[in-house]
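Chains as they are written, first to last, in numbering that gives the first Met the number 0: chain U, 0 to 387; chain Y, 0 to 387.
Simulated from the structure, these hints should not be mistaken for laboratory data. It should be emphasised that the depicted structure is a prediction, and the values quoted were computed from it without experimental measurement. We treat Cβ as the ideally placed atom computed from N, Cα and C, and that holds for glycine. Careful, some of the hints might be misleading.
[Claimed, not checked] Label pairs and their in silico Cβ distance ranges:
(1) A117/U / E231/Y: 52 to 62 Å
(2) R326/Y / A341/U: 39 to 49 Å
(3) R351/Y / E66/U: 34 to 44 Å
[As the list claims (entries may be wrong)] Computed from the model, here is a short list of chain U residues facing chain Y with C-beta under 7 Å:
(4) R2
(5) T3
(6) L28
(7) G302
(8) P304
(9) T307
(10) R326
(11) Q327
(12) M331
(13) L345
(14) W347
Listed below, chain by chain, are the residues.
2 protein chains.
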Amino acid sequence: MTRTSPGPTVGVVGGGQLGRMLGEAAAPLGVELVVADPTPDCPAAPVVRDQLVGGFEDESTIRELAERADVLTFEIELADPDALERVAEETGTPVHPAPETLRTIQDKLVQKRRLADAGVPVPEFRGVDTTDELREACEELGYPAMLKARTGGYDGRGNVPVSGPDDAEAAMDEVAGPAMVEEMVDFERELAVMGCLGDGERDTFPVTETVHREEILRESVAPARASDEVRERAREVALDVLDAMDGRGVFGIELFQTSEPRSGSEGEILLNEIAPRPHNSGHWTIEGCHTSQFEQHVRAVLGEPLGTTEIRDPTVSANILGDVDERQDAVMDGEESVLSTARAHLHWYGKREVYPLRKMGHVTMTGDDRDGLLAEVGELRDGLTFRR
Amino acid sequence: MTRTSPGPTVGVVGGGQLGRMLGEAAAPLGVELVVADPTPDCPAAPVVRDQLVGGFEDESTIRELAERADVLTFEIELADPDALERVAEETGTPVHPAPETLRTIQDKLVQKRRLADAGVPVPEFRGVDTTDELREACEELGYPAMLKARTGGYDGRGNVPVSGPDDAEAAMDEVAGPAMVEEMVDFERELAVMGCLGDGERDTFPVTETVHREEILRESVAPARASDEVRERAREVALDVLDAMDGRGVFGIELFQTSEPRSGSEGEILLNEIAPRPHNSGHWTIEGCHTSQFEQHVRAVLGEPLGTTEIRDPTVSANILGDVDERQDAVMDGEESVLSTARAHLHWYGKREVYPLRKMGHVTMTGDDRDGLLAEVGELRDGLTFRR
């Protein structure tokens with residue numbers, strides 16, 4: 000390997016906040032990014048070498064990206080695995096993680112089946128195409144259950160709780176497409192593990208505790224406030240998940256710690272979902288670890304050595320979400336309190352418009368006492384408001 | 000204050016490695032950079048919003064920069080204070096630090112006089128315009144002495160040791176312009192303090208120990224391996240220096256810790272030189288502190304609150320210098336060993352060409368034992384070589 004100028008170039012499908020933070024992490028390493036995103040002047044644009052304006056599924060854009068890059072990756076699951084596969088073959092530019100892994104993850108039913116087959120503990124689930132099938136499945140799984148669109152859902156979109164047989168028809172209508180239904184897991188807490196596959200090596204970041212409201216991640220606490228045994232079991236499950244993935248990169252692995260030990264499972268950890276990319280629950284690693292999840296992804300997709308995943312200090316981060324009623328230009332007040340708090344870090348994603356619950360940035364704080372950090376970061380975040 | 004997209008914009012005269020690292024630090028804060036530099040695709044270019052291609056003294060370029068920015072700053076002392084002053088007046092865009100401070104610092108004789116007048120302890124010095132004046136000054140200061148060009152020198156360039164009266168004529172010829180001569184300080188170690196002036200606040204980063212060879216900085220160790228008393232005295236001197244500066248920003252303050260206590264001075268710290276900008280001896284703050292010197296400079300020039308200057312862990316950084324015989328395309332081998340060492344961080348500046356002793360990047364490591372870190376970082380750095 001060598002360093003040159005311009006340096007190795009990573010082509011990224013998607014240029015949202017994840018692309019932006021990939022760019023921030025790549026620069027010190029001498030790695031350049033070119034991103035492809037349909038929104039002109041996307042969040043990543045000001046911090047990367049170049050943006051190609053084009054859709055996530057637009058093959059000519061992806062081909063241009065491949066021609067300018069040493070390796071292709073994606074920061075959004077809407078990337079098209081077929082197009083990526085064809086472009087990789089035509090241009091010789093490798094894609095990481097493998098398009099086949101992206102394809103598997105895009106369909107929540109296929110994802111769950113693949114992982115269950117690989118021995119990863121998952122909640123009980125069934126594929127359902129009709130209201131009758133949904134009712135039948137729920138008879139076995141019990142009410143309430145969670146109906147999920149097989150594709151396209153994120154941040155809770157596409158997920159519909161079903162509390163009884165009378166809900167089934169409306170729920171199927173709402174999902175409006177291929178679906179799966181899962182038992183509603185009674186969990187003690189939600190956890191996430193950022194796993195990484197490098198060139199012949201694999202590793203996990205310390206287990207993160209995630210706090211959701213309205214199915215959207217609000218805060219991440221690291222290390223998770225769980226027992227050593229639970230954290231170790233979460234790491235084991237994450238390593239099993241990594242073994243079922245193809246290609247290199249960072250994977251966001253969301254888990255449930257169940258309230259009761261489960262029969263038929265080795266422990267109380269169940270897999271919820273996987274993202275084949277850096278994940279919101281790993282943003283804390285920017286300040287909390289020696290290597291951030293973004294630097295790790297850059298290293299991994301280029302086939303360079305992974306960095307240490309060791310934690311530096313207990314760390315909490317909180318998402319800044321749009322607290323507005325409708326889509327409008329983003330003007331946020333109150334960041335002075337974040338900037339004037341020692342060990343608090345503001346991350347602004349550079350989105351021009353805010354809409355309800357849109358992820359606009361995050362605040363991270365390092366320290367010793369996770370409960371205190373969680374309270375303090377929450378308060379700092381709550382002090383940030385968008386003008387209406 | 001607010002955050003918007005695009006965010007507040009800092010216009011930077013100069014787009015070398017300091018501009019690049021300013022851009023890396025500004026991005027998470029939602030702050031954009033536009034840099035002006037005569038070299039197309041300068042090191043900062045790939046990580047900032049835009050580069051204007053133009054000379055550091057080119058007033059039309061600086062005016063365009065001012066029109067696109069909320070505040071102007073500079074990352075190179077070759078910036079023209081007169082042009083900055085005129086442009087600030089014409090456009091209303093403020094300049095930080097103040098052009099008057101830049102003007103003072105550009106002339107080493109004026110700098111020393113100003114600081115001596117402000118009560119800052121400095122080595123004995125004299126302005127000299129002729130060989131006779133040089134010999135006369137050296138009679139008072141003693142041989143050997145150090146003759147310095149008043150303007151334009153850096154990394155030891157423009158500095159000529161004078162070991163006896165017979166050297167004087169050749170030394171004056173070599174400097175070839177307005178000069179000053181200083182006593183040769185017998186120092187125990189060299190120190191540096193990154194000082195910062197914010198909007199109504201001032202602070203210093205932990206005192207750094209700097210190791211030079213051939214008058215070029217090679218390694219920085221933080222905190223300096225000096226007594227608490229020496230470090231406290233260095234901080235006091237740095238604060239006195241800051242009080243003599245106008246405008247906001249980070250200042251690199253280079254100091255000598257003398258081998259013997261000095262009469263006529265309160266302690267054993269003497270000021271060597273000041274840079275009105277982030278400085279090589281503060282690069283370790285990127286990993287070593289909660290706030291880096293680059294983030295601090297961005298905060299300061301925008302008038303936003305300063306971040307904490309608290310250290311996270313003892314940290315050492317080592318410069319990667321061109322180990323070649325002549326100017327050529329930069330291709331560096333050996334970075335794999337840096338990337339595979341836990342807690343080691345590679346910083347590559349993106350320069351297309353390497354020449355002898357050119358600063359091409361640096362390696363930083365955090366840990367506990369500074370002696371061990373210094374040995375290990377030195378070894379990692381020495382393993383990086385440029386193809387000839």
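I'd like to know which numbered hints this structure contradicts. Please list them from smallest to largest. 3, 7, 10, 11
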